[in-house]
Amino acid sequence: MTDVTVAAIAAMVDGRLRGDGERIIRGLGDLRTASGDRLGFVRHQRYAELARATKAGAVLSAIDLQTPASLVLVEDVHVAYAKVATFFHPPPRAVENDVHPRASVDDGAELEGPVRIGANATVGKCKIGAGTVIMPGVVILDGAVIGRDCVLYPNVTIYGGVRLGDRVILHGGTVIGSDGFGFARDQQGWLKVPQLGGVVIEDDVEFQAGCVVDRGALGDTRIGAGSKFDNHCHIAHNVVIGRDVVMAAGCSVAGSATVGDRCIFAGLVGINGHCNVAADVRIGGGTNLFKDLNESGDYMGNPTVPLKEHVRMMRKLKQMGRESS
Amino acid sequence: MTDVTVAAIAAMVDGRLRGDGERIIRGLGDLRTASGDRLGFVRHQRYAELARATKAGAVLSAIDLQTPASLVLVEDVHVAYAKVATFFHPPPRAVENDVHPRASVDDGAELEGPVRIGANATVGKCKIGAGTVIMPGVVILDGAVIGRDCVLYPNVTIYGGVRLGDRVILHGGTVIGSDGFGFARDQQGWLKVPQLGGVVIEDDVEFQAGCVVDRGALGDTRIGAGSKFDNHCHIAHNVVIGRDVVMAAGCSVAGSATVGDRCIFAGLVGINGHCNVAADVRIGGGTNLFKDLNESGDYMGNPTVPLKEHVRMMRKLKQMGRESS
Amino acid sequence: MTDVTVAAIAAMVDGRLRGDGERIIRGLGDLRTASGDRLGFVRHQRYAELARATKAGAVLSAIDLQTPASLVLVEDVHVAYAKVATFFHPPPRAVENDVHPRASVDDGAELEGPVRIGANATVGKCKIGAGTVIMPGVVILDGAVIGRDCVLYPNVTIYGGVRLGDRVILHGGTVIGSDGFGFARDQQGWLKVPQLGGVVIEDDVEFQAGCVVDRGALGDTRIGAGSKFDNHCHIAHNVVIGRDVVMAAGCSVAGSATVGDRCIFAGLVGINGHCNVAADVRIGGGTNLFKDLNESGDYMGNPTVPLKEHVRMMRKLKQMGRESS
Numbered sequence: 000m001t002d003v004t005v006a007a008i009a010a011m012v013d014g015r016l017r018g019d020g021e022r023i024i025r026g027l028g029d030l031r032t033a034s035g036d037r038l039g040f041v042r043h044q045r046y047a048e049l050a051r052a053t054k055a056g057a058v059l060s061a062i063d064l065q066t067p068a069s070l071v072l073v074e075d076v077h078v079a080y081a082k083v084a085t086f087f088h089p090p091p092r093a094v095e096n097d098v099h100p101r102a103s104v105d106d107g108a109e110l111e112g113p114v115r116i117g118a119n120a121t122v123g124k125c126k127i128g129a130g131t132v133i134m135p136g137v138v139i140l141d142g143a144v145i146g147r148d149c150v151l152y153p154n155v156t157i158y159g160g161v162r163l164g165d166r167v168i169l170h171g172g173t174v175i176g177s178d179g180f181g182f183a184r185d186q187q188g189w190l191k192v193p194q195l196g197g198v199v200i201e202d203d204v205e206f207q208a209g210c211v212v213d214r215g216a217l218g219d220t221r222i223g224a225g226s227k228f229d230n231h232c233h234i235a236h237n238v239v240i241g242r243d244v245v246m247a248a249g250c251s252v253a254g255s256a257t258v259g260d261r262c263i264f265a266g267l268v269g270i271n272g273h274c275n276v277a278a279d280v281r282i283g284g285g286t287n288l289f290k291d292l293n294e295s296g297d298y299m300g301n302p303t304v305p306l307k308e309h310v311r312m313m314r315k316l317k318q319m320g321r322e323s324s
Numbered sequence: 000m001t002d003v004t005v006a007a008i009a010a011m012v013d014g015r016l017r018g019d020g021e022r023i024i025r026g027l028g029d030l031r032t033a034s035g036d037r038l039g040f041v042r043h044q045r046y047a048e049l050a051r052a053t054k055a056g057a058v059l060s061a062i063d064l065q066t067p068a069s070l071v072l073v074e075d076v077h078v079a080y081a082k083v084a085t086f087f088h089p090p091p092r093a094v095e096n097d098v099h100p101r102a103s104v105d106d107g108a109e110l111e112g113p114v115r116i117g118a119n120a121t122v123g124k125c126k127i128g129a130g131t132v133i134m135p136g137v138v139i140l141d142g143a144v145i146g147r148d149c150v151l152y153p154n155v156t157i158y159g160g161v162r163l164g165d166r167v168i169l170h171g172g173t174v175i176g177s178d179g180f181g182f183a184r185d186q187q188g189w190l191k192v193p194q195l196g197g198v199v200i201e202d203d204v205e206f207q208a209g210c211v212v213d214r215g216a217l218g219d220t221r222i223g224a225g226s227k228f229d230n231h232c233h234i235a236h237n238v239v240i241g242r243d244v245v246m247a248a249g250c251s252v253a254g255s256a257t258v259g260d261r262c263i264f265a266g267l268v269g270i271n272g273h274c275n276v277a278a279d280v281r282i283g284g285g286t287n288l289f290k291d292l293n294e295s296g297d298y299m300g301n302p303t304v305p306l307k308e309h310v311r312m313m314r315k316l317k318q319m320g321r322e323s324s
Numbered sequence: 000m001t002d003v004t005v006a007a008i009a010a011m012v013d014g015r016l017r018g019d020g021e022r023i024i025r026g027l028g029d030l031r032t033a034s035g036d037r038l039g040f041v042r043h044q045r046y047a048e049l050a051r052a053t054k055a056g057a058v059l060s061a062i063d064l065q066t067p068a069s070l071v072l073v074e075d076v077h078v079a080y081a082k083v084a085t086f087f088h089p090p091p092r093a094v095e096n097d098v099h100p101r102a103s104v105d106d107g108a109e110l111e112g113p114v115r116i117g118a119n120a121t122v123g124k125c126k127i128g129a130g131t132v133i134m135p136g137v138v139i140l141d142g143a144v145i146g147r148d149c150v151l152y153p154n155v156t157i158y159g160g161v162r163l164g165d166r167v168i169l170h171g172g173t174v175i176g177s178d179g180f181g182f183a184r185d186q187q188g189w190l191k192v193p194q195l196g197g198v199v200i201e202d203d204v205e206f207q208a209g210c211v212v213d214r215g216a217l218g219d220t221r222i223g224a225g226s227k228f229d230n231h232c233h234i235a236h237n238v239v240i241g242r243d244v245v246m247a248a249g250c251s252v253a254g255s256a257t258v259g260d261r262c263i264f265a266g267l268v269g270i271n272g273h274c275n276v277a278a279d280v281r282i283g284g285g286t287n288l289f290k291d292l293n294e295s296g297d298y299m300g301n302p303t304v305p306l307k308e309h310v311r312m313m314r315k316l317k318q319m320g321r322e323s324s
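First to last, the sequence lines map onto chains A, B and C. Here the first sequence is numbered in numbering that gives the first Met the number 0, starting from 0 and rising by one per residue. Here the second sequence is numbered in numbering that gives the first Met the number 0, starting from 0 and rising by one per residue. Here the third sequence is numbered in numbering that gives the first Met the number 0, starting from 0 and rising by one per residue.
A portion of the hints provided could be inaccurate.
Chain copies aren't distinguished; within one or between two, either way the pair holds.
[Unchecked claim] Only pairs whose alpha carbons sit at most 25 Å apart, straight line, appear in this in silico SDA-like list of lysine to any residue:
| id | residue 1 | residue 2 |
| --- | --- | --- |
| 1 | K124 | I23 |
| 2 | K54 | N293 |
| 3 | K315 | R25 |
| 4 | K317 | S295 |
| 5 | K126 | R314 |
| 6 | K124 | G188 |
| 7 | K317 | P305 |
| 8 | K126 | D202 |
| 9 | K124 | A47 |
| 10 | K315 | D141 |
| 11 | K82 | D29 |
| 12 | K290 | M319 |
| 13 | K124 | P100 |
| 14 | K54 | V239 |
| 15 | K317 | R25 |
| 16 | K191 | A129 |
| 17 | K317 | G142 |
| 18 | K54 | R31 |
| 19 | K54 | R281 |
| 20 | K290 | H273 |
| 21 | K315 | D297 |
| 22 | K191 | R311 |
| 23 | K191 | V3 |
Because the hints were derived from the structure by calculation, they are not lab data.
I would like the entire structure built from these sequences, with the hints used as guidance.
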């Protein structure tokens, strides 16, 4: 439990304080049930009423409101909430060396500083930065490099030739560095093309559970700093993803495609091989893209067109379904 | 091997018995090859002929037919087969305590009664109900609660804050309780929003392999009793799924969506965030739903419309493809 | 490191040698940076210029070109590259028995010959052929049969009743033999139908990471020799896949469907239950197939039509989106 004054919280989120700044806050709470050492928040005007009757010690809000609690007024309540919640619930981090007796750590493994390694984890001849947490059942093969303050949740697999930056988070079952899908057609059948590249994942990247990032065929598959991927995303060999990209669940980027900085893909978006997507492109859910998108903007559908055209297309299709002839 | 009379089987499935009820049955068999201690079944009229010449000791059928075997006539042969097959092949269940010496079980783990825990499984400070089977490679983190008679197949991951009811089955590699996908956009990039809720999975739920259910952002993600999910399903944070829901492979339900009781989704259905789907809705394969469905019925397609309209729409689209102008 | 003459490489790929055949080659390299003991390759006319100035000892090419290196001229540079790259980077193979002390191997396991088993792997009462490599975290349940020279990457799960041929490669997290999705609707809810069949995977099959192949309901699910599956593919119970089939990432084949020899599916293709796809069919990305395809050829889209008709359909849909009325 962490103790902090409301004034300190206001400073943390660049907020304006109204009311008593010396109150001690020990965690988050729901405005309806929270006690005096909790901070609640108001995300929408329609919840403002809850702040009026709350027993919480502090309220975080982007809109001015009446409350007996100390009020912290911010510009963006989502950003402020993320900061305060992370203060009270920081990601796991190793502060002292803690290798479980049931972990299997190769003599050749280089552990930079305090590292936590869970039961039944397997750590090969790899490098692991200080602060990193390796949970039970994780496998890291020889030749991987893991940065500082990373969190690898249970049953994650890291192949050799993978380099993770700092503060990378990988959720359960995610696989980084498996072979790209490369075969050549011979008369006898398909010949495997050895996948000799690696994977580079920059700082502050997060992959949720069940994702796969393939190693490059010759060069590296690359994921830019700050990018976030929801469950079941697939990144094929030689793909290059920019910075601060967001992909919702089940997105699939085929071989050698590129995705520019700050792109946002809704769920179940597929990018065909060798397609290039410019920076600041947003793509609607269920889109299968088969061409380059060279201009930033919103796109959607099959065929993939600017969002406005997609809406029009959908309206006409619905009409087609209603008309009997 | 379990011995049982045909009469006992007839009682088990509420069937009418014709022929010798004292015959002993020791398992299931194919009508073409089964010996006298086996029970075969006829699912369709076109297989009725096989029953006439079979050497099986008993035949299960919804249609009357000629057979030298003892006949068990039932209303629904699929239901009756499920019951008889489950009698001969019950799910794994721990009847005595059996913790593999290579399992890692925390001293703080509370094992209610007889529990089986396989090699290289990792069990944290959690609760596990009597009868439950934890297979090799499973990881259960601190703070999870597992009910009775559950089966966790290999390499399943359970995070803290997850509560499973009784008789829950999770297949290989499935992940329950990983972080929901929540980020706030700051000037510097995406800030992680800590995911502080849990996951509640009620009794008799089954997830096949490779599924992911995310923990809630503040409240819980909830899966209603008796619901069944095929491989590679994704359930995002704060989703609420009703009872007896069925989702085929690759279904994806985005954050805060709700799905009513007894819904049936075919494969690769995507439900957009915050969408509400009423009870008794059936959705055809490949549909990406972007709106509420407030009435029960059959829906399909992109755009998503009542099934009849979808069929019409598809017919017209095919025509468009054939016409050259 | 493997030493070989350029002449030996030319023989290996059925190539014509021009220049010094006695040069020693020790590995692959990029034409721009390689030293004299490396072999580079030219895949396209536009890279021919690089061969002119290279310091590599040998160049592999399908097109005649000027180069100071020894030139190996071949008909298909992709096939030749696959062969040479595999020579220098063969798949992992056990040449002596190497069972990690932290592996858990059942006394009833039958290991045919030299086998490698990694840390925290769990091997039940199963059979494993000579040469096979079982990486850390893999679980093989009782009753499975694994062929020779297979590679099971970390955290793979193999259920009982699964039979793998020789040289089968399974990447991280893939699950083979989990229950098929079979339930019968009773008044009380869904009854599980026990899945009593197995899985047969023939020689030279490769599944990339995160795939799932379900066991059959009564008979076996079957995957023909030489077939290759990218990440996140799903093969349901009783499916029969032919030889030399290729499926890109995220393909999903529902129960009892059949797919003929040499079919090629692009990413995110869904095949509905009981559909039959003839040999030599190619299906474009994102297609959800709801009917049989009885003739070889190229198909795509929703509705699924011959590729030419799909292109026409897409063109007209785009037009619909642009027109305001």
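Hints and how they fare:
no. : hint          : result
1   : K124 <-> I23  : neither (47 Å within a copy, 31 Å between copies)
2   : K54 <-> N293  : neither (53 Å within a copy, 37 Å between copies)
3   : K315 <-> R25  : neither (55 Å within a copy, 61 Å between copies)
4   : K317 <-> S295 : between (28 Å within a copy, 19 Å between copies)
5   : K126 <-> R314 : neither (55 Å within a copy, 52 Å between copies)
6   : K124 <-> G188 : neither (36 Å within a copy, 33 Å between copies)
7   : K317 <-> P305 : both (19 Å within a copy, 10 Å between copies)
8   : K126 <-> D202 : within (16 Å within a copy, 36 Å between copies)
9   : K124 <-> A47  : neither (55 Å within a copy, 39 Å between copies)
10  : K315 <-> D141 : neither (56 Å within a copy, 53 Å between copies)
11  : K82 <-> D29   : within (17 Å within a copy, 47 Å between copies)
12  : K290 <-> M319 : between (27 Å within a copy, 19 Å between copies)
13  : K124 <-> P100 : both (18 Å within a copy, 17 Å between copies)
14  : K54 <-> V239  : neither (50 Å within a copy, 29 Å between copies)
15  : K317 <-> R25  : neither (53 Å within a copy, 56 Å between copies)
16  : K191 <-> A129 : between (38 Å within a copy, 21 Å between copies)
17  : K317 <-> G142 : neither (54 Å within a copy, 49 Å between copies)
18  : K54 <-> R31   : within (8 Å within a copy, 70 Å between copies)
19  : K54 <-> R281  : neither (42 Å within a copy, 45 Å between copies)
20  : K290 <-> H273 : within (9 Å within a copy, 30 Å between copies)
21  : K315 <-> D297 : both (20 Å within a copy, 21 Å between copies)
22  : K191 <-> R311 : neither (45 Å within a copy, 35 Å between copies)
23  : K191 <-> V3   : between (58 Å within a copy, 21 Å between copies)
Going down the numbered hints, you'll see the structure goes against 1, 2, 3, 5, 6, 9, 10, 14, 15, 17, 19, 22, while the others check out.
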